[in-house]
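Engineer: Protein chains in written order, with my numbering: chain B, 1 to 408; chain P, 409 to 816.
To be clear, the hints were calculated from the coordinates, so they are not data collected in a lab. Some clues are possibly wrong.
Distance ranges between label pairs, derived from CB positions [claimed, not checked]: (1) B:I211 / P:E533: 44 to 52 Å; (2) B:G52 / P:T420: 16 to 24 Å; (3) P:R778 / B:T43: 46 to 54 Å; (4) P:G449 / B:F109: 34 to 42 Å; (5) B:T43 / P:R456: 26 to 34 Å; (6) B:P190 / P:R581: 48 to 56 Å; (7) P:R526 / B:G212: 43 to 51 Å; (8) B:R39 / P:V597: 28 to 36 Å; (9) B:S45 / P:E443: 36 to 44 Å; (10) B:A349 / P:E533: 34 to 42 Å.
Facing chain B, according to a computed beta carbon distance under 7 Å, are these residues of chain P, among others [unchecked claim]: (11) V564; (12) F650; (13) P661; (14) I725; (15) F734.
Since we're looking at a predicted model, the values are computed, not measured. Note that beta-carbon positions come from the ideal geometry of N, C-alpha and C, so glycine has one too.
Number of protein chains: 2
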Amino acid sequence: MRLYAVGQRSETVRRANLSAILRELHTGGPRSRSELVARTGLTRSAIRGLIGEFVAADLVSEERAAPLGGPGRPSPLVRPNPEGAVVLAFDIAVDSLAVALVGLGGEVFDMVRVQRPRGHSSVAEVVDQLAEQAAVVRARSRHDALIGIGVAVAGVVRRSDGFVAMAPNLGWRDVPLGAALARALEATVPIWIANEADLGAVAELRRGAAIGADDILYLSGEVGVGGGLIVDGRPLTGVAGFGGEVGHIPVNPDGAACQCGSVGCWETEVGEEALLRLAGHQPGGGWGEVDAVLEEARAGSTIALGALEEVGRWLGIGLAGLVNIFNPRLVVLGGLFGRIQPFVGSALAAELDRRTLPASRALVRVVPARLGVDAPLLGAAELAFEPLLADPAAWLRPRGAVAERASA
Amino acid sequence: MRLYAVGQRSETVRRANLSAILRELHTGGPRSRSELVARTGLTRSAIRGLIGEFVAADLVSEERAAPLGGPGRPSPLVRPNPEGAVVLAFDIAVDSLAVALVGLGGEVFDMVRVQRPRGHSSVAEVVDQLAEQAAVVRARSRHDALIGIGVAVAGVVRRSDGFVAMAPNLGWRDVPLGAALARALEATVPIWIANEADLGAVAELRRGAAIGADDILYLSGEVGVGGGLIVDGRPLTGVAGFGGEVGHIPVNPDGAACQCGSVGCWETEVGEEALLRLAGHQPGGGWGEVDAVLEEARAGSTIALGALEEVGRWLGIGLAGLVNIFNPRLVVLGGLFGRIQPFVGSALAAELDRRTLPASRALVRVVPARLGVDAPLLGAAELAFEPLLADPAAWLRPRGAVAERASA
Numbered sequence: 001m002r003l004y005a006v007g008q009r010s011e012t013v014r015r016a017n018l019s020a021i022l023r024e025l026h027t028g029g030p031r032s033r034s035e036l037v038a039r040t041g042l043t044r045s046a047i048r049g050l051i052g053e054f055v056a057a058d059l060v061s062e063e064r065a066a067p068l069g070g071p072g073r074p075s076p077l078v079r080p081n082p083e084g085a086v087v088l089a090f091d092i093a094v095d096s097l098a099v100a101l102v103g104l105g106g107e108v109f110d111m112v113r114v115q116r117p118r119g120h121s122s123v124a125e126v127v128d129q130l131a132e133q134a135a136v137v138r139a140r141s142r143h144d145a146l147i148g149i150g151v152a153v154a155g156v157v158r159r160s161d162g163f164v165a166m167a168p169n170l171g172w173r174d175v176p177l178g179a180a181l182a183r184a185l186e187a188t189v190p191i192w193i194a195n196e197a198d199l200g201a202v203a204e205l206r207r208g209a210a211i212g213a214d215d216i217l218y219l220s221g222e223v224g225v226g227g228g229l230i231v232d233g234r235p236l237t238g239v240a241g242f243g244g245e246v247g248h249i250p251v252n253p254d255g256a257a258c259q260c261g262s263v264g265c266w267e268t269e270v271g272e273e274a275l276l277r278l279a280g281h282q283p284g285g286g287w288g289e290v291d292a293v294l295e296e297a298r299a300g301s302t303i304a305l306g307a308l309e310e311v312g313r314w315l316g317i318g319l320a321g322l323v324n325i326f327n328p329r330l331v332v333l334g335g336l337f338g339r340i341q342p343f344v345g346s347a348l349a350a351e352l353d354r355r356t357l358p359a360s361r362a363l364v365r366v367v368p369a370r371l372g373v374d375a376p377l378l379g380a381a382e383l384a385f386e387p388l389l390a391d392p393a394a395w396l397r398p399r400g401a402v403a404e405r406a407s408a
Numbered sequence: 409m410r411l412y413a414v415g416q417r418s419e420t421v422r423r424a425n426l427s428a429i430l431r432e433l434h435t436g437g438p439r440s441r442s443e444l445v446a447r448t449g450l451t452r453s454a455i456r457g458l459i460g461e462f463v464a465a466d467l468v469s470e471e472r473a474a475p476l477g478g479p480g481r482p483s484p485l486v487r488p489n490p491e492g493a494v495v496l497a498f499d500i501a502v503d504s505l506a507v508a509l510v511g512l513g514g515e516v517f518d519m520v521r522v523q524r525p526r527g528h529s530s531v532a533e534v535v536d537q538l539a540e541q542a543a544v545v546r547a548r549s550r551h552d553a554l555i556g557i558g559v560a561v562a563g564v565v566r567r568s569d570g571f572v573a574m575a576p577n578l579g580w581r582d583v584p585l586g587a588a589l590a591r592a593l594e595a596t597v598p599i600w601i602a603n604e605a606d607l608g609a610v611a612e613l614r615r616g617a618a619i620g621a622d623d624i625l626y627l628s629g630e631v632g633v634g635g636g637l638i639v640d641g642r643p644l645t646g647v648a649g650f651g652g653e654v655g656h657i658p659v660n661p662d663g664a665a666c667q668c669g670s671v672g673c674w675e676t677e678v679g680e681e682a683l684l685r686l687a688g689h690q691p692g693g694g695w696g697e698v699d700a701v702l703e704e705a706r707a708g709s710t711i712a713l714g715a716l717e718e719v720g721r722w723l724g725i726g727l728a729g730l731v732n733i734f735n736p737r738l739v740v741l742g743g744l745f746g747r748i749q750p751f752v753g754s755a756l757a758a759e760l761d762r763r764t765l766p767a768s769r770a771l772v773r774v775v776p777a778r779l780g781v782d783a784p785l786l787g788a789a790e791l792a793f794e795p796l797l798a799d800p801a802a803w804l805r806p807r808g809a810v811a812e813r814a815s816a
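With the rest of the complex left out, here is chain B (with noise of 0.2 Å):
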């Protein structure tokens, strides 16, 4: 049910056909033009001039498909140049740095990833680093048709301007980071920030464990936890952007503090700090430590075993809200809940039992995040590669004089 809609005057038919062919390349990977057809619904002769508009703009190869041994001419195959566009993608993460360079077609160039101690870090040091950490990476690399810089953050960030109104585990409150990185990296190009979960979410549905889900959950424990939803197919990002924070729901109105000065949010009963302190481990210990209790559980230590069912049961109270909430097809469990799912799998689910209505109960399944700790950084780049996809065509006019040259 749609409330509103907008007309479309002819001009812009083309455009929209251009985004949902480049769109499925770029998610799907090579297709023949017959699957083209199939998936977007437009006929075969419109296909094939939009194909020769991409071609010609170096976005797209096609290549004659081999026989198919059936009826019929073979159909050519048609697949994203991963060099003809290409976008820088950082994640700001909690424990760790990373950068990548990601090709159209999600084709991952280049990736690093530097763990840095825990802490608090000036903004003008993170963005120093990352600055420091493109240059090697671009230096080394032979892409150079960038199209845009996408981030991921550990905090609550206004899309559109970047601007981080808080990040409790970073230590920071109202950065204007969106202008400390375009200054920092000399940007020439369009960045776009986001929050880590809203984007490890995007990532695990285009690239990972929710293909084809148009209704996940996706939940990322870390330090903090993260929620990234999907609804109906899109992101929910609520007004500004600030949507999806879900380790903040009110799940034991007399719990403990919790960073964002409020109390008994759902962080505070399934966070890694609320693990290691049952576990009677050092909280802030990180990776580390959550391994020395997983070694302990699979060591049968009743201690550990019982802090992964305490974490697993309160995973389940605030998961079945959200189910309640959402109707969720999936649940994919990131970070930290991904690594724990197998010990505390069966708590989580007999809360869900008790706790969810039937009807959506019978409808989710709960399952691991596939792209681990990169899901962020991978959703970053989609998020750069965002605005080309919406619009292919306004992206393809400045480059009219590279396709007459081509074509020449």
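Fit chain P to the given chain B structure using the hints.
Structural biologist: For chain P alone, kept in the frame of chain B given last:
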């Protein structure tokens, strides 16, 4: 950011444009041709042609506008014709049953609401009563262009076939309501059924307190608590239509038993029963008993005021989580919550201040609903209009004969 797109064949563009125009007129009321140009982005000549199709089919009328006093010709005023397409709407609430006859553009020709005793009624009884009400309303109407039937029900509904998985406050479980209504009404038009809060949200968005907002959270309190969510202009339904069940977020994991089988659901802390219990009144007393509590509060009763404050506090706790998840522009309080808002507003706001991320808090306003108890009924009418609005072209075709007659 869209994740999927499908291509558009040129013959689908006309249909999309017809939809854009009719949706604009149905939702926004009479518009001049110039306004339609501005609002749909279509050209003046396209608008003229498409309006002509609607006029021929009796869905729209045009009248010459009064001269504006400015330069240029006055732009003709285009009106939706309420008698050109009519829907029947039902509301199956816990305390009442209602029926309405609504014309295109939202004109309510007739509306009947019958209070009924609480407690569980059989599906057969309810269906019979609705059929009776409908017969009365239709008998005294001279509107015969019935295009569909919409139904709001206080339960968890599968949208595809109107199967009610659960309606705890009606005492229903696994009820094929769609099929039962089709039989009882001897319906020759499609029947669409959805949850009452989901439909209340749609009505408030189109014709009530939330006109023009894209991200809203409609919260309706009665015996149970219902939620209707609009995300980026579109209703959130989830995979099967079960979404929006915010009454069953666990907010107090060791709290009271809920009708749904869980424990500590939000509706156990903020529903009508909680208010009456806290105020020392008979639970299950309905609206009259709630009025008595409000009367006592107005007279300064500390018990009544304390009960309202406690409900306000829990309202704020649950809402804080929802605001953190959705980053909405507007929270619309309907039903019980709208009535008690003057008494609970400050306790609610205090919890929001404490528990909501400041970035999202700054953007959200909490307002009372404008359509009162009739919001779900009016939303049910919108649901029944949706197929016509989404694809008027498909609908114009079978009426070709009528259109010819009219223009002959």
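Engineer: Going through the numbered hints above, which ones does this structure break? Give me the numbers in ascending order.
Structural biologist: Those not satisfied: there are none.
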